[in-house]
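Visitor: Heads up: the sequence shown begins at 1 in the numbering used here, then just goes up one per residue.
Simulated from the structure, these hints should not be mistaken for lab results. Among the hints, erroneous ones may be present.
Just the calculated beta-carbon pair ranges, DEER-fashion [to be verified]:
1. D135 x E472: 15 to 23 Å
2. A299 x E337: 15 to 23 Å
3. K127 x E105: 31 to 39 Å
Here are the simulated BS3-like cross-link-like pairs (lysine-lysine), alpha carbons at most 27 Å apart as the crow flies [said to hold, decoys possible]:
4. K57 x K75
5. K354 x K127
6. K234 x K395
7. K372 x K351
8. K509 x K411
9. K395 x K383
10. K411 x K489
11. K372 x K383
12. K372 x K239
13. K127 x K57
14. K411 x K351
15. K395 x K372
16. K509 x K470
17. K406 x K500
18. K351 x K383
19. K489 x K509
20. K395 x K239
21. K406 x K470
22. K477 x K500
23. K89 x K48
24. K383 x K234
Backbone N, C-alpha and C fix where the C-beta goes; we use that ideal spot for every residue, glycine too.
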Amino acid sequence: MKKAKTTIKRVLSCVLALVMILSYTPDIAFAEDTMSDEFKANLNEDGKFEMHSIVPKSEEDMIQLFWENETMSEKYPDLWFDEFSEDFKSCVLTDYALEESHEVEIEYIYDEEMVDAVADIIDLIPKGEYDEELDQYDPYPFEVKDMELINYWVNGGGINDLISYSGEFKELIGYKNFRIDCRRGDDAPFYTEAYGFAPFSNNGTIYGFADMGVKAKHVVFVPDETGDTPEALKEAVLKRIEEYIGEGKVEVEIVSDGDTPLDIMLSGYDETIAYIQEQVDDYEGYITDCESQIAQCIANIEQFTADRDSDPAYYDALIAQEQEFKLNCENNLASYEESLAQTEASLDNAKDAKQEYIDEYNTEGGENYYLKEAAGNCYFTFKIGEEEYSVVVVKDSDRMVTPEYKSADVKTGITVDSTDASIPLDTLISVEELASGDVYEEIMSVLDVENSKSFDINLFSSSLDEYITKLENGEFKVAIPIGAEYDGKDLIVYYVDENKEVHPYTVLKDGDYAVFTTDHFSVYTLAVVETADDSNDEDDSNSGDNSGNDGSSDSTGGATTPDTGDSVNVGMIYMMLMMSAVIICYVRTKRRSAI
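Turn these sequences into a full structure, and let the hints steer you where they fit.
Guide: Encoded structure:
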């Protein structure tokens, strides 16, 4: 459904942002003298300002890159960009803290190979409904569903993170590791939404933009067989939450004070309508006052004109004064009448939005029908930390969603997934393939392996603003794409810790991927398992074995060669060989004695 309230808000917020941007100019005189050393600190060695993004193609792109880029605002809180060149490759840069401005060149830094890949992904995003009034398509509304919403709340996600919790959206883009910043939005009692012309960034670099939309209905589903009493519903919904994300993270309380979810939502519309109606009444009052003042001016002018003969100079001054006041009143009247027309239109839109909400509530399958489906004739508050959320519970086993975490690196193709619900769903993988450098050389000196690849793998959650380095009770499954160079070869993954101890991980081949499991992230090296022939019968002191199903093992002083198939106890083999030798010696001794 095309929400009138959302459309109004979207238009007003966009207009307000553009007006602020276009009308604002820093109250700082541009410095014409030599650039200070402090100002130069904002620039690179070539005297250019670095932007980690593609070159903007339009003013809309430019606004997103410079004024609505969260990374830019955090990194450079005192900078303002103005007077861009037509190709957006230079601008006037102002440093508020220094009260200094200069024209500077802009150097855009990005990976050329990523641009087309990102464009292809953005092309996958469907369009929403066509808005005839605005002559454009509304953003397609992706959804954050059921336990995805619980994960979002528990991990403190903000409006601009909401899209990254949508399994529907992440599946569409192949779980690629892009951060999407949809920062405009609304957080109502039973509904959260975000939208905007959002940048797609990878490792801090922006590669494209898309008109995005995402919504989260505050509804959690429970099994069909759940009872209809509020207590039964509370027990069922709390059980689902705790089975998914753990105990003690969400408090659930029943609310049955007579107000239905629809009553609460409509009260919001009624408040908006009442507020706009007050504005209409004010403008009508202003118009009445202006009309009264104009009428009085006309009467005064007529009177002063009739009395003019007695003192022409005196009455001419009064007439001129009244005519000027009358003109001001007429200008004010025109302004108030225009404002009244706009406010009355807003009032009509608000009333239409309220009626649309009611219609969608009463229509099966409608946008707001989930509120009518609420079981138990009640709703619930979910308390998470200091925050409280109004939620309805609906009985429908088919719509229960238990998300699993997954992220794929667009550059290397390495993927990470896990069933551990403690991982925020907005967490993105970041991979750097190592082929040189101190860390790489140190790892190679310890492992002494050939035909290997090393990857520095990290996970970062925007909601938590921190790296996810280790799981307490779960594990990650890591899949590394492999080529023909590994055909027919057994593979192993090594982790070298800070003490230079080697930890091997069992690798299983799954199609074109080498797969292993771990509970933490660092630098991992994929290598070929050395056979006896490969090592030319080297000392067996380098061999080792895996322990546990998670692929980890006891550490050794050097590279180890764990099994890649069924586990074999090397010690047991040695013992059997020794026993065989003893038996053979014993038998031979007995035979000699008999002779």
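Visitor: Using the Cβ atoms, figure out if A299 sits within 15 to 23 Å of E337.
Guide: Given a distance of about 22 Å, which is inside 15 to 23 Å, the answer is holds.
Visitor: Please verify whether K411 and K351 have alpha carbons no more than 27 Å apart.
Guide: Violated, at about 50 Å.
Visitor: What's the verdict on K351 and K383, does the C-alpha distance respect the 27 Å limit or exceed it?
Guide: Violated, at about 32 Å.
Visitor: Can you let me know if the beta-carbon spacing of K127 and E105 is within 31 to 39 Å?
Guide: holds (37 Å)
Visitor: For the pair we were handed, K372 and K383, check the Cα-Cα distance against 27 Å.
Guide: At roughly 23 Å apart (the allowed maximum being 27 Å), K383 and K372 satisfy the hint.
Visitor: Could you grab the alpha-carbon distance between K406 and K470 and see if it respects the 27 Å cut-off?
Guide: Given pair K406, K470 holds - Cα atoms ~16 Å apart, limit 27 Å.
Visitor: Is it true that the C-beta distance of D135 to E472 lies inside 15 to 23 Å, as the hint says?
Guide: Since D135 and E472 have Cβ atoms about 53 Å apart, the given range 15 to 23 Å is violated.
Visitor: For the pair supplied as a hint, K383 and K234, confirm whether the alpha-carbon distance does not exceed 27 Å.
Guide: Within the cut-off at roughly 13 Å; holds.
Visitor: Within 27 Å, alpha carbon to alpha carbon, are K489 and K509?
Guide: holds (10 Å)
Visitor: Hinted pair, alpha-carbon criterion (27 Å max): K372, K351. Please report holds or violated.
Guide: The hint holds at about 21 Å.
Visitor: For the pair supplied as a hint, K509 and K411, is the alpha-carbon distance within the 27 Å limit?
Guide: Holds: K509 and K411 sit about 21 Å apart, inside 27 Å.
Visitor: With a cut-off of 27 Å on the C-alpha distance, tell me whether K57 and K75 pass.
Guide: At roughly 23 Å apart (the allowed maximum being 27 Å), K75 and K57 satisfy the hint.
Hint compliance for this structure: hints 1, 14, 17, 18 are not met, and every other hint is.
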